[in-house]
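*Asks:* Take a look at the letters that make up each chain.
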Amino acid sequence: MPSIKSLEDLKRIREEALEKRKVKTAEGSIQVTVAMGTCGIAAGARDTMKAILDHIESNNVSGVIVTQTGCVGKCDYEPIVAVTMGEEPKVMYGRITPERAHKIMQEHVAAGKVLTDWVIPA
Amino acid sequence: MKTKRAMILVSNDPESIRLGANEVVQHLNEALASYDLQDEVDVSTISDVGYSNILPLVIVYPDTVVYGPVKASDARYLVEEHLYKGRVVNDLLAPPKALTGPIGFLRGHKGYNPAEQRVVLERAGRIDPESIEEFISANGYEALGKALSELTPEGVIEIIEKSGLQGRGGAGFPTGRKWRFVRGAKGEKKYVVCNADESEPGTFKDRLVLEGDPHLIIEAMVIAGYAIGADEGYIYIRGEYGLAYQHLETAIAQAKEYGFLGDNIFGTDFCFNIHVHAGAGAYVCGEETALIESIEGKRGEPRSRPPYPTTNGLWDKPTLVNNVETLANIPPILRNGADWYKSLGTPSSPGTKVYTIMGNVNFRGVIEVPMGITLREVINIYAKGMKPGSILKLAQTGGSSGSIIPADLQDTPMDFESFRKAGVSLGSGALLICDQHTCIVDLVKVLLQFFRFESCGKCTPCRVGAQRIYEITKRLTQGQGEIADLDIALDLISEMERTSNCGLGQTAGTAFRGMMTHFREEVEAHILNRVCPTGVCSMDPETAQSDYIFITQEK
Chain F
3 MPSIKSLEDL KRIREEALEK RKVKTAEGSI QVTVAMGTCG IAAGARDTMK AILDHIESNN
63 VSGVIVTQTG CVGKCDYEPI VAVTMGEEPK VMYGRITPER AHKIMQEHVA AGKVLTDWVI
123 PA
Chain P
45 MKTKRAMILV SNDPESIRLG ANEVVQHLNE ALASYDLQDE VDVSTISDVG YSNILPLVIV
105 YPDTVVYGPV KASDARYLVE EHLYKGRVVN DLLAPPKALT GPIGFLRGHK GYNPAEQRVV
165 LERAGRIDPE SIEEFISANG YEALGKALSE LTPEGVIEII EKSGLQGRGG AGFPTGRKWR
225 FVRGAKGEKK YVVCNADESE PGTFKDRLVL EGDPHLIIEA MVIAGYAIGA DEGYIYIRGE
285 YGLAYQHLET AIAQAKEYGF LGDNIFGTDF CFNIHVHAGA GAYVCGEETA LIESIEGKRG
345 EPRSRPPYPT TNGLWDKPTL VNNVETLANI PPILRNGADW YKSLGTPSSP GTKVYTIMGN
405 VNFRGVIEVP MGITLREVIN IYAKGMKPGS ILKLAQTGGS SGSIIPADLQ DTPMDFESFR
465 KAGVSLGSGA LLICDQHTCI VDLVKVLLQF FRFESCGKCT PCRVGAQRIY EITKRLTQGQ
525 GEIADLDIAL DLISEMERTS NCGLGQTAGT AFRGMMTHFR EEVEAHILNR VCPTGVCSMD
585 PETAQSDYIF ITQEK
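First to last, the protein sequences are chains F and P.
If you're matching positions, the first sequence starts at 3 in our numbering and goes up one per residue.
If you're matching positions, the second sequence starts at 45 in our numbering and goes up one per residue.
Derived from the structure by calculation, the hints contain no laboratory data.
Treat the numbers as computed from the prediction; the structure is a model and nothing was measured.
Accuracy of the hints is not assured; some may be wrong.
To be verified - Partial list, computed: chain F residues near chain P (C-beta under 8 Å):
1. L20
2. V68
3. T69
Said to hold, decoys possible - Calculated lysine to any residue pairs in the SDA-like style (CA-CA distance at most 20 Å, straight line):
4. K13/F / N308/P
5. K7/F / K300/P
6. K13/F / K129/P
7. K502/P / M560/P
8. K24/F / N183/P
9. K300/P / S8/F
10. K7/F / E194/P
11. K22/F / A182/P
12. K7/F / T543/P
13. K190/P / R14/F
14. K300/P / W120/F
15. K52/F / D172/P
16. K13/F / E186/P
Each residue gets a CB set at the ideal place from its N, CA and C atoms; glycine is no exception.
Could you build the full structure based on these sequences and the hints that come with them?
*Replies:* Okay, here's the thing in structure tokens:
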């Protein structure tokens, strides 16, 4: 059990966590993050998440990490899905229905093509 | 003399004239004549408008839309769009006044809004809320480690006092001073309570933190416990926040495992534990003494004060009650120092504020910006402007108990002091933006319906007063109002403000009072002409809605 007794312990754990993430990025793994706050879930994030997982399972996709996060404040654009490929900047998509999620998995995650139409505008 | 429906003002100071203001006036008049509007719209000139880089300036009343710089060639388009078709010409709008707070940029890619500055929401929506590792890798628990191993409790309070942090629950009480009160209170056992009963309608800023960054609140509460000498904390969370409750429970279990909660935290002899207590949906339980009663297992009714919770709170022990957003500011302050915090916001209200934006605007959601930003900036920059065809009529800050801000106060900096001076309150951070189709009387009726329903009934002024003002307002919407009613209502409201036991009764009439201050003419039209100028109210006693709204669930 990683019981933390000093600032040094904390620093060590932080560095370990950062290192782990770095290794993942270096391997070129793709991170798909679904915003699963209350507003996201209300807008259908669970279905979106399910669609992403279904896609991964039925197409035997590997090297993709699917995670969740909270609400980022852009409740108008929920359900939000963010895709980070390797060291490229994070791309944030808004109003992602299950159908759109499938398309993102096919075109962005599998082929590296950003679907600019659904990217949340500045 | 004919009644004019609109007025156009054109700046005519020497600089504007040099830049062609006279030609603008001439073209405006020609354009108005060609649309046959010359009898309905007046063109006039003004000097010294306080802008210098966007001259000549054209201001259209009664909408108070400021355009600039306007060229003579724009005049025709402006008349056609704004005065003939009634649409604001976004391309010609004057840029909002310079941002009053320092501007920060969000980390991440360029797709983010500029100028937002995230202190409280730094991690919300970026990390996995159910992973303590991600929290630690984003500097989590560093402030706690620093406080416990490098600072004395007194030192922590000094930093918080020096930072100038004010409570973010609505009242704006200096946080450092409150901590000092509780630390100085007599007694062995003390409590830290986090007020997460975010029940003000339209506010959901705390939800982002609780759901997206639960460890932040735990870290802040442990620090608070260390500073005031408490070993136990309660998070009183709104009953409807099921997901936030789960995330907090997960976070507490993880924090215990890592040794951030429990005995001998960070190898010191300081111990702290946190319990989560879910509310059951009563608005009044957001009031700190009612909240304490509710934790004790009693009916949620406010206590008489004094004594205050700082000396006689939970189970009659000295208790620190802080809002989620207030607590969420603590770890960043300890990590970066009081001077860093004071560099944000305005001198009298340092730091940032989280706002929830709702209403007739293009973007609705949550933003965190430095204190002192104006409403105009929030609407035009962060909310991406009013919806097409909408013109700002009023905004309501701080949920049901908040103030009505008419469009002409939209350049008031949003910080505690400036708002106090303008006679309005900042409240909890909800911003309801209403356009010209909103009937103020109808809006106030809905708010009073809420208060009438949520009054706990303990004290008479609130229990009866809210009901009576509601009835008066309802009569206005049914075309049954009398001028004398208005004074009766205002009398009742001042009585409620003086004699109600808690904030609920004291603020129930705020919206009504704001309506009478800023929109008296519209209210009088409901009485004298039996007309609702916006066409929202039925003005008919027969078709009025039933007194009670029942929510039925269809199976």
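*Asks:* Each of the hints needs a verdict: does it hold here or not?
*Replies:* Hints versus structure:
1. L20: Hint on L20/F: holds, closest Cβ of chain P at ~5 Å, below 8 Å.
2. V68: Nearest chain P Cβ about 11 Å off; hint violated.
3. T69: Holds. Min distance 5 Å.
4. K13/F / N308/P: holds (18 Å)
5. K7/F / K300/P: Holds, at about 12 Å.
6. K13/F / K129/P: violated (62 Å)
7. K502/P / M560/P: violated (28 Å)
8. K24/F / N183/P: holds (16 Å)
9. K300/P / S8/F: holds (15 Å)
10. K7/F / E194/P: This hinted pair holds, its Cα atoms lying about 14 Å apart.
11. K22/F / A182/P: Judged against 20 Å, a Cα distance of about 13 Å means the pair holds.
12. K7/F / T543/P: Not OK: K7/F and T543/P at ~52 Å, beyond 20 Å, violated.
13. K190/P / R14/F: Answer holds: K190/P to R14/F is near 15 Å, not above 20 Å.
14. K300/P / W120/F: This hinted pair is violated, its Cα atoms lying about 41 Å apart.
15. K52/F / D172/P: holds (18 Å)
16. K13/F / E186/P: holds (8 Å)
Violated hints for the displayed structure, listed by number in ascending order: 2, 6, 7, 12 and 14.
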